[in-house]
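Enquirer: The lines below spell out each chain.
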Amino acid sequence: MKNWIIELWHFRELLWALTLKEIKIRYKQTILGVAWAILQPAALTIIFTVVFGIFLKVNSGVVPYPIFAYSALLPWTFFTTAVSFGALSVVNNGNLVTKVYFPREILPFSAVFAAFFDFLMASIIFLIMLLYYKIDLTLNLFLLIIPVVSILLFTAGISLLLSALNVLFRDIRFVVPLILQIWLYATPVIYPLEQVPERYRFLMLFNPMTSLIESFRNFALHKGSVSGGMIFLSIIVSVLTFILGYLFFKYRERVFADVI
Amino acid sequence: MKKKENNFVVSFENVTKTYKISKGKYGLLTEMFSGTLGSVFNNEKNNSIHIALKNISFNIKKGDAVGIIGRNGAGKTTILKLISKITYPDKGSVNVYGKIGAFIELGAGLHHELTGRENIYLYGAILGMTRKEIDEKFDEIVDFAEIKKFLDTPIKKYSSGMYSRLGFSVCAFCDPDLLLVDEVLAVGDENFQRKCLKKMHSFANEKTVIFVSHNMDAIKSICSKVIYLDRGKIQIIGNSREVIKEYLDDQ
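Chains A and C supply the protein sequences, listed in that same order.
Each residue of the first sequence is one higher than the one before, starting from 1 at the first, in my numbering.
Each residue of the second sequence is one higher than the one before, starting from 261 at the first, in my numbering.
If you are wondering where the hints come from, they were derived from the structure by calculation, not from laboratory data.
Cβ atoms here follow ideal geometry from the backbone N, Cα and C, with glycine treated the same way.
Hints may contain errors.
Taking CB as the label site, the calculated pair distances span [said to hold, decoys possible]: (1) C:Thr278 with A:Ile236: 40 to 48 Å; (2) A:Val239 with C:Glu273: 34 to 42 Å; (3) A:Trp16 with C:Asn355: 28 to 36 Å; (4) C:Arg331 with A:Tyr27: 54 to 62 Å; (5) C:Lys480 with A:Leu180: 55 to 63 Å; (6) C:Asn315 with A:Val175: 50 to 58 Å.
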C-alpha cells in the first residue's frame with residue numbers, strides 16, 4: 001500500500017489534470033455551464049419541499065423544510081454524482097487505459113474530485129440559505145469537515161469498487177442509477193430520522209449514509225439526533241470502505257487493459 | 261538488484277502473454293475467482309486462448325534503436341504494451357528502467373472536446389510531465405506540431421494530420437529515456453513524416469528508441485537492431501539489414 005501512495009503522489013499532477021478535464025468536459029457545450037452544479041440540488045430541494053414539505057407535511061421539527069432538505073441533498077448530490085461518474089470512469093476512459101500507463105485509481109478519483117467541485121459550488125447556495133433562514137453560524141460549521149471527509153472517503157471507496165466491477169460486468173451501468181434511487185429513500189434525506197418508527201430505526205443505521213448525512217445536517221443546523229458514537233462508527237465504516245475498495249481495485253487493475 | 265542490469269533499459273525473460281477470448285456468459289465471473297472456485301465452473305470449451313507472445317526473451321541496451329517488425333497480429337504492439345506496463349505477462353518477467361514515452365496509438369490521451377492548448381497539458385500530464393516542464397517545452401511542442409493557429413480550437417475540429425502531429429510532439433518532447441513508437445508514419449503527410457523521422461534520429465543518438473513499423477525504409481534508417489516476430493515468437497533478432505532481408509524474403 002505504501003508503494004501505491006508513493007506512485008499516486010508521483011502522478012498527482014495527472015490527477016489534477018484529469019479532474020480539470022472532467023469538470024471542463026462535463027459543462028462543455030452546455031448553456032448554463034457550472035450553474036448546473038447548483039441547479040441539481042436546488043431543483044430537487046424545490047420538488048421535495050412542494051411534495052413532502054407542503055403536500056405530505058413531513059415534520060422537519062424547528063428547521064424549515066427547504067433548508068432541512070437542502071442540508072442533506074447537498075452531500076447526497078455529491079455522493080450520487082461522484083458514484084455515477086466514478087463507476088463508469090475506467091470504462092469511459094478505455095482509450096487511455098489500453099494505451100497509456102498510470103495508476104488507474106486516478107480515474108475514479110478524478111471523477112470524485114470533479115463532483116466535489118460541484119459540491120463546493122452548491123455549498124455557496126447553502127451558505128446563503130443558512131443566512132436567509134437565520135441559522136446561527138457557529139464554530140460548529142468547522143466540524144462539518146468530519147462528515148465531509150468521511151463522505152469523501154466512503155464515496156471514493158464505493159467508486160473504486162464499482163469502477164473495477166464495471167470493467168468486467170457492464171451491468172453496473174444499469175444497476176447504479178437504480179440502487180442510488182432506492183438508497184435515497186433508505187437514507188434520511190427527505191424525512192428526519194426521528195420519523196422512522198423506533199423499532200425500525202436500528203435498521204437505518206446499517207446504512208452508512210444515514211449517520212454521514214445526519215451528522216452533516218446536525219453540525220450545520222444544530223440539531224442533535226446523532227450521537228458521538230454514531231459519528232465515530234461512520235468514520236470507521238468510511239475508512240474501511242475506502243481501504244476495501246482500494247484493495248479490490250488494485251487487485252483487479254492489472255487485467256483492465258486486457259478486458260476493456 | 262543485479263549488477264549487470266543497469267546497462268539494460270528493457271529486459272524480457274521467457275515472457276508469455278495470452279489473451280482469453282471468453283465465450284461463456286459467466287466466463288468473466290469465474291475468471292475473477294479463478295483458482296479453486298474458478299476450476300469448478302470453468303468449462304474449458306467456453307474459453308479459447310489466444311497466445312500473443314510465446315516464451316520471448318531479449319534485452320535492449322541503453323542507446324539502442326530497435327525496430328520490431330512482423331505481420332499483423334505477430335505481437336508487436338503487445339511487446340510495447342508490456343514495456344509500458346499497460347498489460348502484464350502471464351509467465352516470465354519484464355523489467356524496464358527509466359522514464360517511458362509511449363506513443364502506442366494516434367491520439368490516445370487526447371480529448372476531442374478540449375482545445376489544443378488544454379490537450380498539451382492533459383497529454384503531458386498523462387505522460388508524466390509536471391506543469392512546469394510543460395510550460396517550458398510548450399512553444400517547442402506547438403512549433404513542432406505546427407498548430408499555432410489552432411491552439412484554442414477544440415481538437416475535434418482538427419484534421420487527422422494535425423491530430424497526429426500534436427500527439428507525436430507532446431510525446432517527443434516529454435523527454436523520456438525510452439521512446440516507444442507504434443506506426444505513427446501511417447498517417448501525416450510526407451513533410452511531417454520526415455520531421456518525425458528526423459526527431460527520432462536525433463533522439464536515437466542519445467536515448468533508446470523502440471520502433472514498430474511496416475515501413476522498412478524507415479526502420480532501416482533509424483534502427484541498428486531489429487526483432488522479427490512471427491506469430492508470437494522471435495524469428496530472428498540482429499542486425500537490421502539482415503533481418504529485414506530475411507523478413508522480405510519470407511513474404
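Enquirer: Which numbered hints does this structure break?
Expert: 4 and 6
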